[in-house]
Each structure stands twice: as structure tokens, then as C-alpha cells.
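Given the coordinates of chain A, work out where chains B and C should sit on it, guided by the hints.
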Amino acid sequence: MFTYLKSIIKRDPAARHFLQILLFYPGVHAVFYYRIAHFLYNIKLKLLAEGIMFWVRVFTHIEIHPAAKIGKRLFIDHGSGVVIGETSVIGDDCTIYQGATLGGVGKGHGKRHPTLGNNIMVGAGAKILGPISIGSNVKIGANTVVLHNVYDNKTIVGVKGREVA
Amino acid sequence: MFTYLKSIIKRDPAARHFLQILLFYPGVHAVFYYRIAHFLYNIKLKLLAEGIMFWVRVFTHIEIHPAAKIGKRLFIDHGSGVVIGETSVIGDDCTIYQGATLGGVGKGHGKRHPTLGNNIMVGAGAKILGPISIGSNVKIGANTVVLHNVYDNKTIVGVKGREVA
Amino acid sequence: MFTYLKSIIKRDPAARHFLQILLFYPGVHAVFYYRIAHFLYNIKLKLLAEGIMFWVRVFTHIEIHPAAKIGKRLFIDHGSGVVIGETSVIGDDCTIYQGATLGGVGKGHGKRHPTLGNNIMVGAGAKILGPISIGSNVKIGANTVVLHNVYDNKTIVGVKGREVA
Chain A
18 MFTYLKSIIK RDPAARHFLQ ILLFYPGVHA VFYYRIAHFL YNIKLKLLAE GIMFWVRVFT
78 HIEIHPAAKI GKRLFIDHGS GVVIGETSVI GDDCTIYQGA TLGGVGKGHG KRHPTLGNNI
138 MVGAGAKILG PISIGSNVKI GANTVVLHNV YDNKTIVGVK GREVA
Chain B
18 MFTYLKSIIK RDPAARHFLQ ILLFYPGVHA VFYYRIAHFL YNIKLKLLAE GIMFWVRVFT
78 HIEIHPAAKI GKRLFIDHGS GVVIGETSVI GDDCTIYQGA TLGGVGKGHG KRHPTLGNNI
138 MVGAGAKILG PISIGSNVKI GANTVVLHNV YDNKTIVGVK GREVA
Chain C
18 MFTYLKSIIK RDPAARHFLQ ILLFYPGVHA VFYYRIAHFL YNIKLKLLAE GIMFWVRVFT
78 HIEIHPAAKI GKRLFIDHGS GVVIGETSVI GDDCTIYQGA TLGGVGKGHG KRHPTLGNNI
138 MVGAGAKILG PISIGSNVKI GANTVVLHNV YDNKTIVGVK GREVA
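Protein chains in written order, with my numbering: chain A, 18 to 182; chain B, 18 to 182; chain C, 18 to 182.
Hints may be right or wrong, so weigh each one.
If chains are identical, the list can't say which one is meant, so a pair holds when it fits in one copy or spans any two.
Stated by the list, open to error - With a straight-line cut-off of 25 Å between C-alpha atoms, the simulated DSS-like cross-links for lysine-lysine are:
hint	residue 1	residue 2
1	Lys177	Lys27
2	Lys128	Lys27
3	Lys63	Lys177
4	Lys177	Lys89
5	Lys171	Lys124
6	Lys177	Lys156
7	Lys156	Lys89
8	Lys61	Lys156
9	Lys128	Lys156
10	Lys171	Lys61
11	Lys177	Lys128
12	Lys124	Lys89
13	Lys124	Lys177
14	Lys124	Lys23
15	Lys63	Lys27
16	Lys61	Lys23
I should point out that these hints are in silico values taken from the structure, not numbers from a laboratory.
Chain A extracted, bound-state conformation:
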């Protein structure tokens, strides 16, 4: 826990001290309750696990399916609108910003959400869709749509705004 909080202070310049993070970081609350719900889901208390994450979503605006597999020290910063789908897998030390989705493409059963390696940054509003693999140390820019596999150490961005008038 101590390592986690220290890693957040390192990743978020607006973080001031442990108490502030524990009290006021919805991404920390969401991941904490996800850990409990994930355990309950695995011992087949699925409806209870889903109920916990339903209420976590109401208060944090972050939706994490209790069946998702999430590594150590995931930091969801700001977090409003984040959706992490059922068959998502996330490695260690990832950072996900507000409005990002790890989602499906609306078809298929079984594995239909992305697998992320370690130390990945998913920018605000980015949508990573389908049963694809994102390598370690990848950065994904704000509002970027990712539909294919990405190798390690890459940076993926969409299109910047341009002047039209």
C-alpha cells in the first residue's frame, strides 16, 4: 500500500500527501473495492461482486468489471467515465486517465477486451477496443482509438486539432 501511494505521488504532480490521496482520489477507491469484488467474483459470489462495483461506479464514476484481471499499482487518475471490461487484463504500474475505455467491439464472446502489459499510459478519452495486446511501456495519447496490437515501447496517437478558421 505504501509503495502504491508513493508511486501515485511520483505519477501525479497534484498529489500532496498520503491522507489527501486516501481521502479524495476516486481512482484509488475504485481499485481498492475492485480488489475485494474480484476476490468475491472468483469464489462465485458474482452478484455480490457486481453489486459492489455498481455502487463504486455511482460514487467514483469508474466502472471496472469484477472479472477483469488487474496487476499491481494501477493508478486511475481523475477517472470519470473510465470503463474496464470483463475480459480485460492489465499488467503492473499502469496509469489510466479519465474517459478511457478498455472495451469490446460489440461482437463475439469469450475474450473480447484488451490485454495490457506493464507500465502503460492510457491518455484521457482513449478507447482500446477488442481482444488485442498492448505491449509494455506503451503510451497512448488522448482520445486515441486503438484497434490493433501494439508492440513494446511504442507511442500511439490520434490526430491533433487543426485550424479551420
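Below, chains B and C without anything else, positioned relative to chain A:
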């Protein structure tokens, strides 16, 4: 209602059974209350209707103007950040994902939001803006901005992310 | 306050009267509490200020850092998912739509969020990132990513959706 729940199980692979959907699907809650608020709005109880949808937004993170016209079996999946504006019209069997907006372009009065046909899929984060028409069986990709009419059976997408480093 | 409410009726065709705006406009609530929290933050009651904005975020889905500097008559319309970072500066008469972010690029300390002039429109889902300057009377389209300075009176947009099938 039975048909509606069955259609959701067909559309969402993460849906397990009716009880789970009724309890934990904010998009189902939001559309349910919208039906009540829409009735109240039409009999001129506007402030009451708006008050209901205000609280629905607080708990579901889905904003539907009570004056919007919505067809049968609309499924708002995940739903955080969805905004459906006052003069929007939505046909039957549409699916709208989190972060999508049916909105205006910030000018004009009267009809200023889109009209959607039947069986449309609006991807996560998509913004459909202005008094435009979207034909039936259209699919709109994640984060896509749509400002013009779209014919039936089309698929509209924005730009996928590209590698820059 | 009277001028503020009048300016909202001018900017939002769905606004009907003062009572409706005061009761049901989360963007009005969020800015109101921000004014209090900003005062408390400046007299070093930082944890209290952050606590107020934490709860404002829970109920309005709008996140404004209490240290941000915001001019007169900011109107946050709809507002779900809006994030305004710690070192942001916003001029007078700006309008910000749902899902927009004034954020950082995930590195650096000190000034790391944008500075906006007067009378700016930030479209739904737009992401303005980094310690950049946006001139007065600028319009930024929906889902646009802005990473560079913008001169006065410009319109900046991303890419519209195109037909692929």
C-alpha cells in the same frame, strides 16, 4: 419488458441474467425513469420531469432530456457521460455506449439535435451534433464526430491511432 | 449572479428560466462550490477545499481543482466528465461542454495546464493538454486534441467521421 431484457442479453456478452440487468445496469435505470419523465414533460409537468432526470443523472451518469423522443428497446451500455439533447429523436433497437453525445452545435433554436433511425450503434465517445439524420442500421465508431446526414446501412469511423515513436 | 443566469439562457437554448437553472444545472452547482473552495484553498485550508471539490465531483461529475483560476461567467454545460487541472487559468465568458479536459501531459511540475482567454468554447470531449495558451474567442470542436498554442479568433477541429462501409 421481457423482450427488452432479452434484447440486452443478446447485445451484451457480459449480461448474465435478468436480475443482474435490472439491479446493476444504469442504462436500464436511466431509460426507465426517462419514460416516466417524458410522460410528465408532455403533460406540462416540466420542472418535475427535469428534476427526475437531474437525479437520474446523479446516480447513473446518463443525461437524457425529458423532451427527447426515444423508440423501443434503447440500450445504453455502461453509459457514463452519455448526453441526449432536448430535440433528439431515436428509433427502435438502438445501442449507445458510454461517453456518446447526441447534441447541438451551440447555435440555433428549435430542432437542433440529431434524428436516429432504427438499429443504430453509437460507439463510445462518439459525438453526433446538429439537426442531422442518421439512417437505420448505421454503425458509428468510437470517438467519431458526425456532423452530416448518414444514409442507411453505413459505417462511419474517425481516425485510428498511429505509431509516432 | 443575475448576469450569469442571463448569460446561460443566452448560451443554452434548453434553459427555460432561472429556477430551473439554479436547481438542475450541475455546471452551475460545480462553479458555485468551486468559488468557495478556491477561497479556502488560497487561505491554506487545502484539505477542506479538496474535500469540497471531491463531493462536488461525486454529485456533478465535474472535477475542478480548487487551485485553478477561473474568470467570470464560466458555463459548464452538461458537464459529465469535465476535468479542470490544478494550474489551469480560464478567462471570462467561457463555455465548456461535457467530457472536456484542461489537463497536463503527464510530466513536469509547476505550470502544466492550459491558459484560456475570454469567450472560448470548448466542445464536448475536447482535450486541451499542457501549459499552452488559447487565445480569446477561440472555438474548439468536439473530441479535438489541442497540444499547441492557439491565436485569438481561431476555430480548431479534429477529424470528422468518414464512411468506410
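We went through each hint and held it up to the structure:
{"no.": "1", "hint": "Lys177 to Lys27", "result": "neither (28 Å within a copy, 31 Å between copies)"}
{"no.": "2", "hint": "Lys128 to Lys27", "result": "between (33 Å within a copy, 17 Å between copies)"}
{"no.": "3", "hint": "Lys63 to Lys177", "result": "neither (42 Å within a copy, 35 Å between copies)"}
{"no.": "4", "hint": "Lys177 to Lys89", "result": "neither (32 Å within a copy, 29 Å between copies)"}
{"no.": "5", "hint": "Lys171 to Lys124", "result": "between (28 Å within a copy, 17 Å between copies)"}
{"no.": "6", "hint": "Lys177 to Lys156", "result": "both (16 Å within a copy, 15 Å between copies)"}
{"no.": "7", "hint": "Lys156 to Lys89", "result": "within (18 Å within a copy, 36 Å between copies)"}
{"no.": "8", "hint": "Lys61 to Lys156", "result": "neither (35 Å within a copy, 36 Å between copies)"}
{"no.": "9", "hint": "Lys128 to Lys156", "result": "both (23 Å within a copy, 22 Å between copies)"}
{"no.": "10", "hint": "Lys171 to Lys61", "result": "neither (38 Å within a copy, 42 Å between copies)"}
{"no.": "11", "hint": "Lys177 to Lys128", "result": "between (32 Å within a copy, 22 Å between copies)"}
{"no.": "12", "hint": "Lys124 to Lys89", "result": "between (30 Å within a copy, 21 Å between copies)"}
{"no.": "13", "hint": "Lys124 to Lys177", "result": "between (30 Å within a copy, 19 Å between copies)"}
{"no.": "14", "hint": "Lys124 to Lys23", "result": "between (40 Å within a copy, 16 Å between copies)"}
{"no.": "15", "hint": "Lys63 to Lys27", "result": "between (35 Å within a copy, 20 Å between copies)"}
{"no.": "16", "hint": "Lys61 to Lys23", "result": "between (33 Å within a copy, 23 Å between copies)"}
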